[in-house]
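Could you use the hints to bring the two separately framed chains together as a complex?
As given, the protein sequences belong to chains A and B, one line each in that order.
Residue numbers for the first sequence, in this note's numbering: 1 to 177.
Residue numbers for the second sequence, in this note's numbering: 1 to 121.
Treat the hints as calculated values from the structure; they're not laboratory data.
Fair warning: this is a prediction, and the values are worked out from it, not measured in the lab.
Beta carbons: idealized from backbone N, C-alpha and C, even for Gly.
Careful, some of the hints might be misleading.
Derived pair list, reagent style PhoX-like, types lysine-lysine, alpha-carbon separation capped at 20 Å [what the hints assert, rightly or not]:
{"#": "1", "chain 1": "B", "residue 1": "Lys37", "chain 2": "A", "residue 2": "Lys8"}
{"#": "2", "chain 1": "A", "residue 1": "Lys72", "chain 2": "B", "residue 2": "Lys16"}
{"#": "3", "chain 1": "B", "residue 1": "Lys43", "chain 2": "A", "residue 2": "Lys57"}
{"#": "4", "chain 1": "A", "residue 1": "Lys38", "chain 2": "B", "residue 2": "Lys43"}
{"#": "5", "chain 1": "A", "residue 1": "Lys163", "chain 2": "B", "residue 2": "Lys11"}
{"#": "6", "chain 1": "A", "residue 1": "Lys11", "chain 2": "A", "residue 2": "Lys57"}
{"#": "7", "chain 1": "A", "residue 1": "Lys112", "chain 2": "A", "residue 2": "Lys172"}
Cβ-Cβ distance ranges computed for the label pairs, FRET-style [stated by the list, open to error]:
{"#": "8", "chain 1": "B", "residue 1": "Arg32", "chain 2": "A", "residue 2": "Arg84", "range": "18 to 24 Å"}
{"#": "9", "chain 1": "A", "residue 1": "Pro15", "chain 2": "B", "residue 2": "Gln8", "range": "37 to 43 Å"}
{"#": "10", "chain 1": "B", "residue 1": "Phe55", "chain 2": "A", "residue 2": "Asp41", "range": "29 to 35 Å"}
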Amino acid sequence: MKEQDLIKGCKSEDPTAQRYLYDAFGPVLFGLVRRYIKRQDEAEDVFIEGMYQIMTKINQYSGSGSFEGWMKKVMVNQALMHLRKNKHFRLTVELSNVQIPTKITVEDEIAKDEILQCLDMLPTGYRTVFNLYVIEGYKHREIAEMLDISINTSKSQLIQARKRLAEMIKKKHRNIS
Amino acid sequence: MMSHDIDQLFKANHRKLDEVPPRSSWDKLEMRMDQRKTRSRIKRIQAIAIAAVVFAIISFGIVGMLYIQFLPQSSGRMSAHAYSDHLEQLEVNPAAKDGIYSVENVKTLHRLLGRASSSLN
Numbered sequence: 001m002k003e004q005d006l007i008k009g010c011k012s013e014d015p016t017a018q019r020y021l022y023d024a025f026g027p028v029l030f031g032l033v034r035r036y037i038k039r040q041d042e043a044e045d046v047f048i049e050g051m052y053q054i055m056t057k058i059n060q061y062s063g064s065g066s067f068e069g070w071m072k073k074v075m076v077n078q079a080l081m082h083l084r085k086n087k088h089f090r091l092t093v094e095l096s097n098v099q100i101p102t103k104i105t106v107e108d109e110i111a112k113d114e115i116l117q118c119l120d121m122l123p124t125g126y127r128t129v130f131n132l133y134v135i136e137g138y139k140h141r142e143i144a145e146m147l148d149i150s151i152n153t154s155k156s157q158l159i160q161a162r163k164r165l166a167e168m169i170k171k172k173h174r175n176i177s
Numbered sequence: 001m002m003s004h005d006i007d008q009l010f011k012a013n014h015r016k017l018d019e020v021p022p023r024s025s026w027d028k029l030e031m032r033m034d035q036r037k038t039r040s041r042i043k044r045i046q047a048i049a050i051a052a053v054v055f056a057i058i059s060f061g062i063v064g065m066l067y068i069q070f071l072p073q074s075s076g077r078m079s080a081h082a083y084s085d086h087l088e089q090l091e092v093n094p095a096a097k098d099g100i101y102s103v104e105n106v107k108t109l110h111r112l113l114g115r116a117s118s119s120l121n
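Extracted from the complex, chain B is given alone in its bound form (with noise of 0.2 Å):
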């Protein structure tokens, strides 16, 4: 037989301890390798989950925006052409002149609507 440094020896024979990895490997790692994919969608699903909460608090806050802005300036104006209306319709009938339809009271309203309109403007 010829001569052979250590190195030599086993280098040579390394592959000698190629061997079959225990049978409860595969399904250790099998269920690794579940639980990574169950994970992931777990992660995926809550991602999804707060990207749709984020875009509802947005969506909400941009709806709450325009509605403060603008609905009750409208309503303001309505507020004061529908009082300006009554105005013209007691100077018509001044039986409505008694009472807090008083001609005083609605002018000193329609003032103040004014005034509350200008503001919101």
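So that you can see chain A by itself, here it is in the shape it has in the complex (with noise of 0.2 Å):
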């Protein structure tokens, strides 16, 4: 089925249309919350809503830019409407307070238990702000307004982030070496 289509029959209800959608980006929008949500039951929640959100609200959809991209972004605020509503975050630390590492090197390949252990390890505040700049994309100005925090919190924890990966990387390298 073409995209277009696809969102056609989602925009006019049609189940068929419905469960297609669900099961071409179903992958994509879950693996993309367990990015966020440590938990899977809580991950799953919010890929319902998220997924709930993006069916009944395909009118809004302009049509300009990907339709992808779109439905990440519904997944994204859904996902940190969860985290704001459960007060996950704490996100206090300033820049200053921060020592900026030097470059740091790791391998280039990642098997996913481990990216998903890496993620589920960091503090829901360092999680999120590198989820958001790093795979999202999302500049530091954007970050902040969308966490309501200062432009220096939000760089302050994907230091932070960053610092921890690489550790945890690098120590589950050693174990391994």
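Written out as structure tokens, the structure reads:
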């Protein structure tokens, strides 16, 4: 099914098109939610709510820009809303308190479980900013607005996240070798 | 193996996290969407019912107002004509002058009806 037909079908609430959309984009979107939400059951709830928002607000998609990008945005917002609601954030470290590390070098391959383990071990604030900046590609100004924090806090969270992740990966690889 | 910084490592490998959602997710989502459909159907029925009730009230109101405005007036006029005819009959037939149908009584009644009719107009 072409993307245009899929969108048209979902806009007219055609169950076949809705199922197709779920099957086609479910894994990407569920993977996205898993990067933000540690617990599997919570991630499932957020994913279902996000999919519901996508299905019911698909008329708001203007058609300009990537459809997958729009769905990811909806899902990210859903995950952030969940984190805010459950008061998972502790974003208070300012940039002045953070030592900026030198460039960290690690191997270029990492297993799925390893990525998930490393992200899950990060504090929620670090993980959220890292995901938004590195994977989703938001700017610090946008992240600051989304999370209602200062730009400096966003920057400091990212630096801390990188540092922690590098340490974790180095440790894992040392243990393996 | 080449070296990459931590951003590149996670950026390049994040699609490995793509994961088929739990089997139960679709059923839960479908249930949620069915509930929404039912809710919107109920809302539509409620809106139609409310519109029908409002229409009925307005219709009854209009009919009632028309009834009040026109029916008593016409009946008043008819009564006045009827009694006027009756008066003429009494003059033709003097036997009916006795009792409550005496000429004086009927004339008084006629006057009263005339006043009532003009006040309604």
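| task | Mind checking the alpha carbons of B:Lys43 and A:Lys57 for me, to see if they're no more than 20 Å apart? | result | Holds - the C-alpha atoms of A:Lys57 and B:Lys43 are around 19 Å apart, at most 20 Å.
| Restraint status (C-alpha distance of B:Lys37 to A:Lys8 at most 20 Å) | Between B:Lys37 and A:Lys8 the Cα gap is close to 18 Å, so the pair holds against 20 Å.
| CA of A:Lys38 to CA of B:Lys43, is that 20 Å or under? | violated, 38 Å
| task | Given the hint of 29 to 35 Å, check if B:Phe55 and A:Asp41 actually sit that far apart at their C-beta atoms. | result | Violated, at about 50 Å.
| request: Would you mind confirming whether the straight-line C-alpha gap from A:Lys72 to B:Lys16 stays at or under 20 Å? | output: holds, 16 Å
| task | Take the C-beta atom of B:Arg32 and the C-beta atom of A:Arg84, compute their distance, and say whether it sits inside 18 to 24 Å. | result | 22 Å Cβ-Cβ, so the 18 to 24 Å window holds.
| field | Pair hint outcome, A:Lys11 versus A:Lys57 [Cα-Cα no greater than 20 Å] | value | Status holds; Cα separation ~8 Å.
| message | What's the verdict on A:Lys163 and B:Lys11, does the C-alpha distance respect the 20 Å limit or exceed it? | response | Distance of about 16 Å is within 20 Å: holds.
| Is the Cα-Cα distance between A:Lys112 and A:Lys172 20 Å or less? | Holds. A:Lys112 to A:Lys172 sits at ~14 Å (cutoff 20 Å).
| query | Is the gap between the beta carbons of A:Pro15 and B:Gln8 within 37 to 43 Å? | reply | Cβ of A:Pro15 to Cβ of B:Gln8: about 41 Å, so the range 37 to 43 Å holds.
Checked against the numbered hints given earlier, this structure breaks hints 4, 10; the rest are met.
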